[in-house]
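Chain by chain, the residues:
2 protein chains.
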Amino acid sequence: MGSLKYDLPPLALVRPEGVEEIHRASMKILSDYGLEFRDEEALAVLRENGARVDGMKVRFDPAAVLEFVGKAPSSFTQIARNPERSVTLGTNEIVFSPVYGPPYVLDRERGRRPATLEDFRNFVKLAYLCPWMPHSGGTLVEPGDEPVETRHLDMVYSHLKYSDKPLMGSVTSGPNAADSVALAEIVFGREAMRESPALVSLINVNSPRRYDERMLAALKVYARARQGMVITPFILAGAMSPCTLAGTLAQQNAEALAGIALAQMIEPGCPVVYGSFVANVDLRSGAPVFGSAETQIGAYASAQMARRYRLPFRTSGTLCTSKVPDAQAGYESVLGLQAAVLSGAHFVLHAAGWLEGGLCAGYEKFVMDAELLGMMHTWAKGLVIDDDTLALEAIGGVEPGGHHLGTEHTMAHYKEAFYEAQLFNYEAFEIWRENGAKDAYERAAEKVRELLSDYEPPPLDPAVDEALRDCLKRRKAEILGNPAAVAP
Amino acid sequence: MGSLKYDLPPLALVRPEGVEEIHRASMKILSDYGLEFRDEEALAVLRENGARVDGMKVRFDPAAVLEFVGKAPSSFTQIARNPERSVTLGTNEIVFSPVYGPPYVLDRERGRRPATLEDFRNFVKLAYLCPWMPHSGGTLVEPGDEPVETRHLDMVYSHLKYSDKPLMGSVTSGPNAADSVALAEIVFGREAMRESPALVSLINVNSPRRYDERMLAALKVYARARQGMVITPFILAGAMSPCTLAGTLAQQNAEALAGIALAQMIEPGCPVVYGSFVANVDLRSGAPVFGSAETQIGAYASAQMARRYRLPFRTSGTLCTSKVPDAQAGYESVLGLQAAVLSGAHFVLHAAGWLEGGLCAGYEKFVMDAELLGMMHTWAKGLVIDDDTLALEAIGGVEPGGHHLGTEHTMAHYKEAFYEAQLFNYEAFEIWRENGAKDAYERAAEKVRELLSDYEPPPLDPAVDEALRDCLKRRKAEILGNPAAVAP
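Sequence lines, in order, name chains V and G. The working numbering applies: residue 1 is where the first sequence begins, and numbers increase by one. The working numbering applies: residue 1 is where the second sequence begins, and numbers increase by one.
Isolated chain V, as found in the complex (with noise of 0.2 angstroms):
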């Protein structure tokens, strides 16, 4: 199946002139205010480009910053392993990414739990699986029981290994980034990443208006190396911005421009993608929330911020503030994933699995929200009319009062007319009791016990698994044998 092929019009929440005006409140912000940049090195690189450098504060010309940003290509490829995986970013694709980043895992039989390298591999075989999950991610949970410094090497040959769907390499560090690239260079080679990314990364701003060394150590890396980044400014306003959205949508876009610009002077041409992760916190508890209303308003004017500028978009998909899967998830979590697609987004993180403002993954979670994508794979189709849809026939050949079932046209279509349900349910309560009055958490539970258990890898070469396995061993006892080296 693959990206969802998005040909709807997007959902445009913010009228041209309201567009225009957080465009200029956040060039105010660039050439007023400026932003931090953590590292020696990208402080040289901004100044040699016209920017004004004050000790670690930037201070932008505008006109110079839409010169770069628009330097970056408006669509690319991000190469697969299986080369029909591939998905491109920009155009009519909605690529859904899983959930990425939770230091906990959650399942129905074992409850919540730090994260390990067994559940990281669990979550790259679910999303391998999912046929409405075009993308592997990145740190689909952070496994707590492998060594922090070499804990990426293990993720992501994990994804090379058990997947061939496109991936996101390390961002912990420069040397992690560099020994990502090194990883997809062992499949894809370098010369056809340079041509297109293997890699998409995630670049996060540290909201308010600061890069920090780790992510401008990896930036660094990933630009010089052509690979895709995901810049996006990670806010939770009324705490990380001011607590009206216009203001934070404004921050925001000087943000993640300021750091594509320099995505560009590094790399001229180099494929980004404007991010935006807008949620807030509750004011009362200073508490974080997601899959809320605020979110979706957030998530629509990012994307005609991004428009604006004529960059691929990511934004976030199926948040939720709840602990566990149950109603409260459902709700946040389609909030979240609607106003994703009817966006218009070309790259949605978090799409599947995301529980408990992001601290944990869930299993069970991850095939609800599996349900949830298939279920806007159909949307997207939208209304198609032509003269078999419209069935005249049918429908005068149906007597008042009748029905439909078993008609000619019926038996013609019934096979793909509708979403086919795998996790959902929709018999009648009766049979539901009798068949053990199974809420969707219970049923998810048995569809993972399932989907894991039927699990077949993808091929892989047996020279590259090896040439995959050897860099892992090499680098484990490089960076364990002198960690310093290595911060950050």
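Derived from the structure by calculation, the hints contain no laboratory data. Note that the coordinates shown come from a computational prediction; the quantities given were computed from them, not determined experimentally. Wrong hints could be hidden among the right ones.
Said to hold, decoys possible - Calculated pairs, EDC-like style, for lysine to aspartate or glutamate (alpha carbon to alpha carbon, straight line, at most 16 angstroms):
1. K57/V x D282/G
2. K28/V x D54/G
3. K57/V x E185/V
Stated by the list, open to error - Pairwise CB distance ranges (calculated):
4. V384/G x E40/V: 38 to 44 angstroms
5. E427/V x E118/G: 26 to 32 angstroms
6. M411/G x E41/V: 38 to 44 angstroms
7. R15/V x A192/G: 36 to 42 angstroms
8. S285/G x T116/V: 47 to 53 angstroms
9. A64/V x K5/G: 28 to 34 angstroms
10. A192/G x N92/V: 50 to 56 angstroms
11. G481/V x V384/G: 42 to 48 angstroms
12. A428/V x S74/G: 36 to 42 angstroms
Glycine included, C-beta positions come from ideal geometry on N, C-alpha and C.
Assemble chain G onto chain V, guided by the hints.
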């Protein structure tokens, strides 16, 4: 709070040419295939107004249908017992109305059971207490403990007694509709009601292409009293229409317009709403499916059809197939409601409380859905862009890496900056666990108990209340003394 004010652009799923194709197909259904009207008087009215009547089958001249449809107002006000709670249908208001019709109720403590009049009253109270729900609805549940012949009286009385929001009348027979009008006249007065309806009632088409005896009897009563009607083909695509949505929409359009034209023949200018209820059957099992991608497509496209005829539009809200308020219910409900809002609907039936394909009203589900309605009220405010919300000074005043908690701008806005959740839980995992690790179902059960125990009825003139109760007493005696006289 009242109605949601929706000034954002509705999402147009279908291109203008597509709307015209569906229109043309529906005109062919009206002129060539016709509809069945199972009421002699209705047939006579149709014949007098130029329709070709053959037995109970009626074929229409498309131009004549459009002429009669054109007599319906494009918007109208439904008056409420509390004048401040009157609503207008057909403008920028989205009026949410509760679940309609379930014979069963579910609550967490007592489980699923046949609904009673006490349940009915409880749902009136829950709707009354919900600030996001401007409407009291109609048959919130079927009170199975009351005689079928007289329960309509108890229902209408309960709405008038326990709420001061606008309500719906009975449609189970002509006399029951007349009783609804009589009770409303006690409160509102006949003249005021002819000016602006006090009742907006639900006339369902028995799709395909049949108006049955009961619905036509009720339609005649309400039209003559100039009361509002929501004329809604009830369609499960694949069973009651073709399994292709374009044909389903053409059939729905023909069905809705035929009933609207009949109402206008009886009483030109009578307020009507173009109703849509498009769900589908699971073609593997024949089971109905609600809250699906297909439901969404149906809602968006139907709204466009209603706009073509300048008619107020009704669709459905938090539909779901799930038997319990679990994650499935959450996903499905948002899919339904989100489409209702973004379609630009004017009247959203089943906006809270629906479970199990409409067979069951959930107490906890009601307050979960209410949270979603509150979030949609926030969403509909859209993005406010002005100097204050752009907050440039506040952005410049916080240094890179700092935070906006407690800034002057945050303090000035925090109270109404974000939607304030009533039920959804944003606590950190550890705190949530200490507080009992309650999922949404458990918290919703607590919320229901709290709401019902705090409920206080809106003031009602004792003389009016007495007149209503006298009417109930008299009509019950008449009906139960001679049940045969009232059917159908």
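Right, here's what the structure says about each hint:
Taking the CA atoms of K57/V and D282/G, the gap is near 60 angstroms; set against the 16 angstroms cutoff, the hint is violated. The suggested pairing of K28/V with D54/G is violated, with an alpha-carbon distance near 73 angstroms, which exceeds 16 angstroms. A distance of roughly 35 angstroms separates the Cα atoms of K57/V and E185/V; the hinted pair therefore is violated under the 16 angstroms criterion. Roughly 41 angstroms separates the CB atoms of V384/G and E40/V, a value that falls within the hinted 38 to 44 angstroms.
Between E427/V and E118/G the beta carbon distance is about 29 angstroms. The supplied range of 26 to 32 angstroms therefore holds. Between M411/G and E41/V the CB atoms are about 40 angstroms apart, so this pair conforms to the stated range of 38 to 44 angstroms. Distance hint for R15/V and A192/G: a CB-CB separation of about 40 angstroms, consistent with the stated range 36 to 42 angstroms. With their beta carbons about 39 angstroms apart, S285/G and T116/V fall outside the hinted range of 47 to 53 angstroms.
Take A64/V and K5/G: their Cβ atoms lie about 42 angstroms apart, and the range 28 to 34 angstroms is violated. The hinted range of 50 to 56 angstroms is satisfied by A192/G and N92/V, whose Cβ atoms lie roughly 54 angstroms apart. For G481/V and V384/G, the hinted distance range of 42 to 48 angstroms is not satisfied, since their beta carbons lie about 57 angstroms from each other. The hinted range of 36 to 42 angstroms is satisfied by A428/V and S74/G, whose Cβ atoms lie roughly 41 angstroms apart.
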